[in-house]
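Residue-level listing of the chains:
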Amino acid sequence: MNELPLALDLAPGARSFVRALWGLDVRIVSLPLPASSLSPQRPRFLGSRLWLPAALPPEASGRLADYWLAAAAHVAAHLRFGAERFPVRGLKPVQVALVSLLEDARVERLACEQYPGLFRLWAPFHLASATSARSSVALLTRLARSLHEDVHDPDPWVNEARQLFFASGARFRDASFVRELGGHLGNELGQMRMPFNAREYVVGPAYRDDNLGLWQLEPDSTPAGAELELETPASRATQVGRQPSSGRSGCDPGGARGGRAEPSPAPGNLADAPALLYPEWDYVIRAERPGFCALRERAAPMGDAQRLDASLSGYAVTRRRLLRAAALLAAEERVQRRRQASGQRLDLRAAIAAFLTPAASRVSAPRVYRQVRLRRQPPALLVLIDSSESLNCVPPGLSCSALELARRASALLGSTLNAVSREWAIHGFNSNGREDVSYFRFKDFDQTYDRLARARLAGMQAGLSTRLGTALRHAGQALRVRSAERKILLVVTDGEPSDVDVYDPNYLPFDARRATQENRKLGVTSFCIGLDSSAEGRIRCIFGDHHFLLVERLERLPEQLSRLALRLSLERALV
Amino acid sequence: MNASLLEALRVRDEPYYVPVAGEVGLFEAAYATRLPVMLKGPTGCGKTRFVQHMAWRLRRPLVTIACNEELSAADLLGQYLLEEGSTRWQDGPLTLAARFGAICYLDEVVETRQDTLVVIHPLTDDRRLLSLPARSEAFRAHPEFHLVVSHNPGYQSALKDLKPSTKQRFGAIEFDYPERSLEVEILMHETELAPELAERLVSIAEATRRLRGHGLDEGISTRMLVHAGALIRQGVAVEAACQMALVCPLTDDPQLVLALDASVRACL
Chain A
170 MNELPLALDL APGARSFVRA LWGLDVRIVS LPLPASSLSP QRPRFLGSRL WLPAALPPEA
230 SGRLADYWLA AAAHVAAHLR FGAERFPVRG LKPVQVALVS LLEDARVERL ACEQYPGLFR
290 LWAPFHLASA TSARSSVALL TRLARSLHED VHDPDPWVNE ARQLFFASGA RFRDASFVRE
350 LGGHLGNELG QMRMPFNARE YVVGPAYRDD NLGLWQLEPD STPAGAELEL ETPASRATQV
410 GRQPSSGRSG CDPGGARGGR AEPSPAPGNL ADAPALLYPE WDYVIRAERP GFCALRERAA
470 PMGDAQRLDA SLSGYAVTRR RLLRAAALLA AEERVQRRRQ ASGQRLDLRA AIAAFLTPAA
530 SRVSAPRVYR QVRLRRQPPA LLVLIDSSES LNCVPPGLSC SALELARRAS ALLGSTLNAV
590 SREWAIHGFN SNGREDVSYF RFKDFDQTYD RLARARLAGM QAGLSTRLGT ALRHAGQALR
650 VRSAERKILL VVTDGEPSDV DVYDPNYLPF DARRATQENR KLGVTSFCIG LDSSAEGRIR
710 CIFGDHHFLL VERLERLPEQ LSRLALRLSL ERALV
Chain B
670 MNASLLEALR VRDEPYYVPV AGEVGLFEAA YATRLPVMLK GPTGCGKTRF VQHMAWRLRR
730 PLVTIACNEE LSAADLLGQY LLEEGSTRWQ DGPLTLAARF GAICYLDEVV ETRQDTLVVI
790 HPLTDDRRLL SLPARSEAFR AHPEFHLVVS HNPGYQSALK DLKPSTKQRF GAIEFDYPER
850 SLEVEILMHE TELAPELAER LVSIAEATRR LRGHGLDEGI STRMLVHAGA LIRQGVAVEA
910 ACQMALVCPL TDDPQLVLAL DASVRACL
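Chains A and B supply the protein sequences, listed in that same order. Following the numbering used here, the numbering of the first sequence begins with 170 at its first residue and continues without gaps. Following the numbering used here, the numbering of the second sequence begins with 670 at its first residue and continues without gaps.
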């Protein structure tokens, strides 16, 4: 993870901050540094996606973290208190800028009412001086400061604007006055013969977003150059690699996969193994369709084990920590033994018995100790990886695909568990319609975690769809025959069961939920690692409350998988 | 002598407790029919305080047992001790409560191994019988004996659950953190903070509870707020007190510390 830019590390913190403030789920991506420093960067948001500059803008000072928090809180205030996007139609550029500025001030006021400390978070970035030159841009930034602090400004226009704004205080909850007031102030500025160059205008202060997220974009109806200069920021967003879209988690499988070979399994070799038929639950008719799905176990393709081993070098610290915790798992295999000749504790019952029957104690040394470790076998643990097409996406801000992270996660888990238990397995699945569910055993129970197993993990491919229920049933059967007392099925998935022959989005989740319930009856406890936190509702429905963990930062999947596996195995939080 | 021990466990002064949603009435009704009660809810939301309050209300001694994995049946029921060359039977806390009519409270009951817990089964149905195999004794529980257990169905205990045969013996009352105004009132009572500051501390707690399941296992509890308030009363600066009592204990993850710190500052 060393190759990641510094700013990226701030994203999870800023994201959690926004969630803590208003329960909002935003995605934060770091904007790469601009090619030239001529146009300062500004944050930008579209929907719930947020782009933040990777470096502190030249005019700001202080910690980059505070800048990110200020920007994230500002955008969150828009999302929390903002209204529908404004239509641009009929407004001059200066009016667009003013309406945006007033809207910024409005949502910040409302945010500060709830969280007064936000005022202090934003204040250091308001640097406009009341004695600055009298240009339209300078007046705008002075107005921003004057509205933020509610203080007098010597300029009559700024002062009037401030008074009009706060006179509307009672209507702060309603954004409509902002458009009206912005239009009025823009006209006044025009009458003062203050030219406004939309192309060179940069929103101030620096933590505020470029306002693109506030306006309805009307590319066709907009005369060129008449509106806010949108091209530059828009092309910046493209640089990031992903235009915001309504698509799930912004992944672009097509783009991410570019240049790579089509993922196996090759659809041709259906005859790998005889098909196993599994039923499927149809929630609409509330009945099971017997023998509805056909599953085949296929040989997992081989990859380069050495490369996979090398990719773990960045996890050395994590690995040491995990191994220490895994040692506890081995330790817990020890048995509680009573009537021992030595041990950490006195076996009171044996001691009393020895006392009551002095003859016995004279014959031999009294065995009156007990060893306190409880009998605890490691559980049978099966990690089931949903290797469908969605795994191919490259998560925003990361340099490798979710698939690669899943491979590393499996390998890290392997190196952690290998020392202490053989009662674990890593399987995977994908599907291409109900007749063709593929199931792979990368590392099976009782198998040694050797070079071959690692080569199979390295060769893990992703493609096709997710018929989760059928795979869960098959994994449940694999666990059912294990002799361990506890059986744990740990599923790694994005939480979106889907298949080419299913059109009802609820059908497969309900079937998967049913499969989880059936597994419970077999003594198998299911747990899920969700790769997409927006699928929380579905994951909760399938696996149940407290039986899932959402990975907030996908780059931490390797560590999280091993931690969770150990945590479930040890039944407590150790690592 | 045992009876005098129980006398010492009587709750003499009224423990402060603000009813949230009819739980006092429910508990009294359960007590009247001797239906064992299970209290469910996140840590630090007032379950133990509630039991103390009810013991005071019902004028019963309260025997509290903090459950753990190594708790054995003998620890609950009692055992023989050696004394001056002979043995003496010592009642365990559960036996004591059943003999003399106390409320017996098993705190965090899922931490106990499930086969240990089976000893409470005959006590919790209409037999109300406690058997002591080591002593070859069985007796009917005192008419005033009442069993209460608590557990926190948080995600830590995903794999720890009570056996259905144990669960089904209880009536359950669900607890959660009190709603905002009540939590402010409780905090003011416990720490004598000014209303405005209490409100702000509660805002911090509410913010962190939104991170439950998103990096945090649990948000800041009412108990942690009381700790923060107590530090402030000691003269610690508000932000430092929040840092010590709220942020630091909650997480070690630097990302979350950043978010929590920012949330604290936003609320103050």
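Treat the hints with caution; some may be incorrect.
[Stated by the list, open to error] Subject to a maximum C-alpha distance of 30 Å in a straight line, what follows is the list of computed DSBU-like cross-link-like pairs (lysine-lysine):
# : chain 1 : residue 1 : chain 2 : residue 2
1 : B       : Lys709    : A       : Lys690
2 : B       : Lys836    : A       : Lys690
3 : B       : Lys709    : A       : Lys261
4 : B       : Lys836    : B       : Lys709
Since the hints were made in silico from the structure, they are not lab data.
Hinted pair B:Lys709 and A:Lys690, Cα distance within 30 Å | Distance ~25 Å between B:Lys709 and A:Lys690 Cα, so the pair holds.
Decide if the proposed pair is consistent with the structure: B:Lys836 and B:Lys709, CA atoms, cutoff 30 Å inclusive.
-> Holds - the C-alpha atoms of B:Lys709 and B:Lys836 are around 12 Å apart, at most 30 Å.
For the pair supplied as a hint, B:Lys709 and A:Lys261, is the alpha-carbon distance within the 30 Å limit?
-> Outside the cut-off at roughly 60 Å; violated.
Between B:Lys836 and A:Lys690, is the straight-line Cα distance small enough, at 30 Å or below?
-> With Cα atoms ~17 Å apart, B:Lys836 and A:Lys690 stay inside 30 Å; holds.
The structure shown violates just one earlier hint, number 3.
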